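> What follows is each chain in one-letter form.
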Amino acid sequence: MTSTSLWTNYFRRDEARDEWIELLSKVYIFASLSRRDLEHVRDLMHVREFGGNEVVFFEGQPGSGMYIIAKGEVRIVLNYGSDHEIELVRLGPGDFFGEFSLIDEAPRSATVVATKPTTLGGFFRPDLLDLLARKPRQGVQIVLNLSEVLTERLRRTNDELRTARDKIAELEERLADSTEAAEA
Amino acid sequence: MKLSPTTRLWIVVLGLLSGGLAAVYLLLQVPVLFVPALLSIALFYVVEPVLVWWESFGYTRKSGLLALAGVVLASAALLAVLLPPAVHDQWVMVQRRAPMAVDELNGMVEGIQQRLAEVVPAAAEGVSEVRAKIGEIVGSQILPALPGLIAQMVMGGLLVPIILFFLLTDGRKARKRLLEMVPNRNFEMALNISHRIDQQIGAYLRGVIIEAAGVAGVAWLLLRLGGVPGAELIAAVIGVTNLIPYFGPVAGLITGLAWCLLTGDLSWAWWRVAGAVVGAQLADNVLIGPAVIGRAVNVHALVVIGLLIVAGKIAGLIGLVVAVPLWAVIRVVLQETSVAVRAYGRYIVD
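Chains A and B supply the protein sequences, listed in that same order. Residue 141 in numbering that gives the first Met the number 0 sits at position 142 of the first sequence, and the numbers go up by one each step. Residue 296 in numbering that gives the first Met the number 0 sits at position 297 of the second sequence, and the numbers go up by one each step.
Here's a subset of chain A near chain B, in silico, CB distances under 8 Å, partners left out:
1. His45
2. Glu53
3. Phe56
4. Gln60
5. Ala132
6. Arg133
7. Lys134
Lysine-lysine pairs mimicking DSSO-like chemistry, simulated, CA-CA at most 27 Å apart:
8. Lys70/A to Lys25/A
9. Lys70/A to Lys115/A
10. Lys172/B to Lys25/A
11. Lys70/A to Lys172/B
12. Lys115/A to Lys25/A
13. Lys25/A to Lys175/B
14. Lys172/B to Lys61/B
15. Lys175/B to Lys70/A
16. Lys61/B to Lys175/B
17. Lys175/B to Lys115/A
18. Lys132/B to Lys312/B
Just some of the chain B residues that point at chain A, by a computed CB distance under 10 Å:
19. Pro48
20. Trp52
21. Glu179
22. Ser193
23. Ala339
24. Tyr343
Note that these hints are calculated values from the structure, not bench results. In this text the structure is predicted, and so the values were computed from the model without any measurement. All residues carry an ideal CB built from backbone N, CA and C; glycine is no exception.
Bound conformation, chain A alone (with noise of 0.2 Å):
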């Protein structure tokens, strides 16, 4: 029997599709879902190949989904191209980006490349609305998970908002002490 053949693909395991499901319990979006309900999120999934340097999305480009990092290595960047290019950070295997475009179509709010070759697993709008109406409660239990990643973004944010305003605020003070004692 030769390994091609039907019947030991039968019974040989997905390795490839093992590994993603291995990825998708490790990202926190995923991580409550039970093996069967990964390996219908991985079903709905698109594999992508990205080579070096090649741009996966655009800041200001409508948003449609999210993105995990299997292999590989992108860099986030703002200002893409510019002289004003600011990096933000680098994301490297089982890291995911791109999530806010899950709940709405706003625009990207950065460009990301890929730093070299680059598999990506893409998760997209229509993939969550077709689980949501297949699955609702995994599709439920995903739009939480999602939630609750968006609440801690906006939570750290308000955080660092308010440590800015506090220095901002000292800083004020601080100009205006040092103005009266040069008025004086």
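Use these hints to put chain B onto chain A, whose structure you have.
For chain B alone, coordinates are given in the frame of chain A:
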């Protein structure tokens, strides 16, 4: 000359659309495949939401397909038991009445011709010519084509469930495989376009089918209330011909009257058939149409006439039925592509 990425994208989309139309044209040359394929696609959009609803209870798609197959087989078995005696009786009656009906029709036309001859002699000659032409068409084209048409319908009846089954089991995978071929730079846009087109075409085709069924239902009810024989057949024809804007109701009316002529009930049933057609049209325009085709694909009357002339010339009766829905599909594809290219166009790079 170097074309911009957006222009190249449009060329690809128009190329794909032209390829699709060429495929439709080729399929039209083989009606035995075209009609079942088209019917299967339309039915797919009706059955798919039912299967999605089934899956939402936690059942598998396979069990849904099995349940659906069970319902279809049970309905077919019920029809197989109930229909043959009625069909057989009507067929025998039609066979017996056909020569008399032809004589009656000849008598009616001769009467009209005589009256016309008294008033406008030239018009009477015109009627003679039309009569001869109709006789020729019926004798040389319609009657010889009937056995082939019946064979095609039987073949189509067998092919539709098979094509539909594959669409329901592998349709999603096929779409995903097609999307895999799209380059990264166009992928998100292609995914969005395919999703929106799928939604809009699905909603439109579901609307069209529900509308045709609703019109047929109202016509059937009115025909039954009027005691017209063969109400099921006439109502089905009224429902299907309703897909042809403006001319459909007339085609339905003519078919109904022809049936009544064959069954010998024309003298008392003609106004009931006409009433059923008018009633079904009213129900369609006031109730069914606005309710089921919310975002109606409005096509201008002149465009409809042009479409029907071209489609009728290319594909005869099938062309007349599919012309407007096909035009609506092409329009949706172009509209959605245009919207997406406006949104994504400036982000497409070499």
